[in-house]
Amino acid sequence: MKKDFWSNSKIAVLGGGSFGTVLANLAATNCAQVTMYVRAEEQARLMNSTRMNPNYAKDLVLDPKIRAVSTYEKVFEQDQDMIIFALPASATRAQAKLIAPFLKGNEIVLHATKGIEEQSLKRISVVLAEELPILRIGAISGPNLAGEIVKNEPAATVIASPFNDVTQAGESVFSTPRFRVYTSSDLVGVEWGGTLKNIFAIASGILESKGLGWNTKSLLLSRGLAEMVRFGVAMGAKAETFLGLSGMGDLIATCSSSQSRNFRVGYHLAKGESLEEVLKELGQVAEGVRTTRIVYEFAKSRNVEMPI
Numbered sequence: 007m008k009k010d011f012w013s014n015s016k017i018a019v020l021g022g023g024s025f026g027t028v029l030a031n032l033a034a035t036n037c038a039q040v041t042m043y044v045r046a047e048e049q050a051r052l053m054n055s056t057r058m059n060p061n062y063a064k065d066l067v068l069d070p071k072i073r074a075v076s077t078y079e080k081v082f083e084q085d086q087d088m089i090i091f092a093l094p095a096s097a098t099r100a101q102a103k104l105i106a107p108f109l110k111g112n113e114i115v116l117h118a119t120k121g122i123e124e125q126s127l128k129r130i131s132v133v134l135a136e137e138l139p140i141l142r143i144g145a146i147s148g149p150n151l152a153g154e155i156v157k158n159e160p161a162a163t164v165i166a167s168p169f170n171d172v173t174q175a176g177e178s179v180f181s182t183p184r185f186r187v188y189t190s191s192d193l194v195g196v197e198w199g200g201t202l203k204n205i206f207a208i209a210s211g212i213l214e215s216k217g218l219g220w221n222t223k224s225l226l227l228s229r230g231l232a233e234m235v236r237f238g239v240a241m242g243a244k245a246e247t248f249l250g251l252s253g254m255g256d257l258i259a260t261c262s263s264s265q266s267r268n269f270r271v272g273y274h275l276a277k278g279e280s281l282e283e284v285l286k287e288l289g290q291v292a293e294g295v296r297t298t299r300i301v302y303e304f305a306k307s308r309n310v311e312m313p314i
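Numbers given in my numbering equal positions in the sequence shown, counted from 1, plus 6.
In case anyone wonders, no lab produced these hints; they're calculated from the structure.
Glycine is no exception: its CB is placed at the ideal position from the N, C-alpha and C atoms.
Wrong hints could be hidden among the right ones.
To be verified - Listed below are the simulated SDA-like cross-link pairs for lysine to any residue, each with C-alpha atoms no more than 20 angstroms apart in a straight line:
1) Lys71 to Gln125
2) Lys306 to Gln265
3) Lys157 to Lys103
4) Lys71 to Asp10
5) Lys244 to Leu138
6) Lys80 to Pro107
7) Lys16 to Gln84
8) Lys216 to Leu226
9) Lys103 to Gln125
10) Lys110 to Asp69
11) Lys103 to Lys128
12) Lys64 to Leu288
13) Lys16 to Leu226
14) Lys216 to Glu177
15) Lys80 to Gln125
What the hints assert, rightly or not - Computed Cβ-Cβ distance ranges for the label pairs, DEER-style:
16) Glu83 to Ser13: 19 to 25 angstroms
17) Ser13 to Arg186: 15 to 21 angstroms
18) Gln84 to Glu47: 16 to 22 angstroms
19) Met58 to Phe169: 34 to 40 angstroms
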C-alpha cells in the first residue's frame, strides 16, 4: 500500500498509556483518523474535551484527528486499516480475543509491547497471530522514551515484520521530520531486543542508586549487550539486529535515563523499597520485573550463559 493510501487511512491504538498516546499523535500527523481505546470512560471523556491525556504524557496536546473511546464497539464502528497494540504483555491475549470478532482479516497489526507472555513464554507477535484472523503482524521497538518524543526531540524506531507491506505501512504511518522509522525483517530479534534490555535497565538503576560510576555502567552495557546477542541467537534472531536501534540503541536509552520505568524499579529497590511499593508508586507496568525470571529460566533450559 502506498503512502497516499495511508494519508486517508483509519488507525486504532489500543492502550492509553504514555507510549500509546505518543504513537496515536504520531499517526495522526500522517493519517485521516486515529481512534484510541482506553479502559476508563472518564479518561476518554477528558481526552476528547481537553485534548490532553489526564494520566500519561500529560504535556502532549492531542491532535484533533484523535478520538478516545472506552469500548471496542466504538473503536470498530468503522473499519480500521491498522491496529496498534500498546498494552502490557499480560493483557495482550485477552484484549486480542475481544477484538477478534470485529476484524475483517485485511488489517495490519503492530504491537509496541516490550515483553513476552509469562504463561506461555511466547513473543507478543506469536500471541497475536494465535488470537487474531490476521497474517500481517509486526512490532515497533527502539529507544523511544515517551517524554522525549512529547518534547519533539529527534528520535527513531524500528518496525519489524517478515512482510514488506507491514514495514512500509509502519514507515508511512509513523514517520515525521523528527521521528525516523527504520525497517527490519527480523521480527524475532527486534522483539527480543526490546524485551531483554528491560532486565539490564533494572540492573542499571541499581548501579545508579549505589552511586557507581561509568566504568561499572559501561561494563553492564557492554556485557549486557553480549548476553542479549547470545540469548537472541539461541532464540532464532540475527546477531546484527542487536547492534541496531532495537537492541543496543534501546539498551543505552533505557539504562541511562530515569524516565525508564525499569531503571526506576532498580533504583528504588536498591534504596530498600519493596517491589510492591515501587510498582505502586510507578503506576505503570515495568515489563522487566516479569521478564527477568522468565529469561533466567529460559536461559537455563537452553544452556545460554547469562551471568548478569
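Verification of the hints:
A distance of roughly 37 angstroms separates the Cα atoms of Lys71 and Gln125; the hinted pair therefore is violated under the 20 angstroms criterion. Straight-line distance between C-alpha atoms of Lys306 and Gln265 comes to about 31 angstroms, which puts the hinted pair past the 20 angstroms bound. At roughly 35 angstroms between alpha-carbon atoms, Lys157 and Lys103 are farther apart than 20 angstroms, so this suggested pair is violated. Of the supplied pair hints, the one linking Lys71 and Asp10 holds, its CA atoms being roughly 17 angstroms apart against a limit of 20 angstroms.
A C-alpha spacing of about 27 angstroms is found between Lys244 and Leu138, which places the hinted pair above 20 angstroms, so the restraint is violated. For the proposed pair Lys80 and Pro107, the alpha carbon gap of about 14 angstroms is at most 20 angstroms, so the pair holds. Of the supplied pair hints, the one linking Lys16 and Gln84 holds, its CA atoms being roughly 8 angstroms apart against a limit of 20 angstroms. Using a Cα cut-off of 20 angstroms, the hinted pair Lys216 and Leu226 holds, with the two alpha carbons roughly 14 angstroms apart.
With a C-alpha separation of about 16 angstroms, the suggested pairing of Lys103 with Gln125 holds against the 20 angstroms cut-off. This hinted pair does not check out: Lys110 and Asp69 have alpha carbons roughly 27 angstroms apart, beyond 20 angstroms. Only pairs whose Cα atoms come within 20 angstroms are accepted, and Lys103 paired with Lys128 is accepted, the gap being roughly 16 angstroms. For a cut-off of 20 angstroms, the pair hint linking Lys64 to Leu288 stands: about 15 angstroms separates their Cα positions.
Distance check on the hinted pair: Lys16 and Leu226 sit about 42 angstroms apart at the alpha-carbon level, beyond 20 angstroms; violated. Note on Lys216 and Glu177: the hinted pairing is violated, with a Cα-Cα distance of about 41 angstroms set against a maximum of 20 angstroms. A distance of roughly 30 angstroms separates the Cα atoms of Lys80 and Gln125; the hinted pair therefore is violated under the 20 angstroms criterion. The hinted range of 19 to 25 angstroms is satisfied by Glu83 and Ser13, whose Cβ atoms lie roughly 21 angstroms apart.
Distance hint check: the CB atoms of Ser13 and Arg186 are about 18 angstroms apart, consistent with the given range 15 to 21 angstroms. In this structure the hint that Gln84 and Glu47 lie 16 to 22 angstroms apart at CB holds, the actual value being about 20 angstroms. Distance hint check for Met58 and Phe169: the Cβ-Cβ separation is about 35 angstroms, which falls inside the suggested range of 34 to 40 angstroms.
Hint compliance for this structure: hints 1, 2, 3, 5, 10, 13, 14, 15 are not met, and every other hint is.
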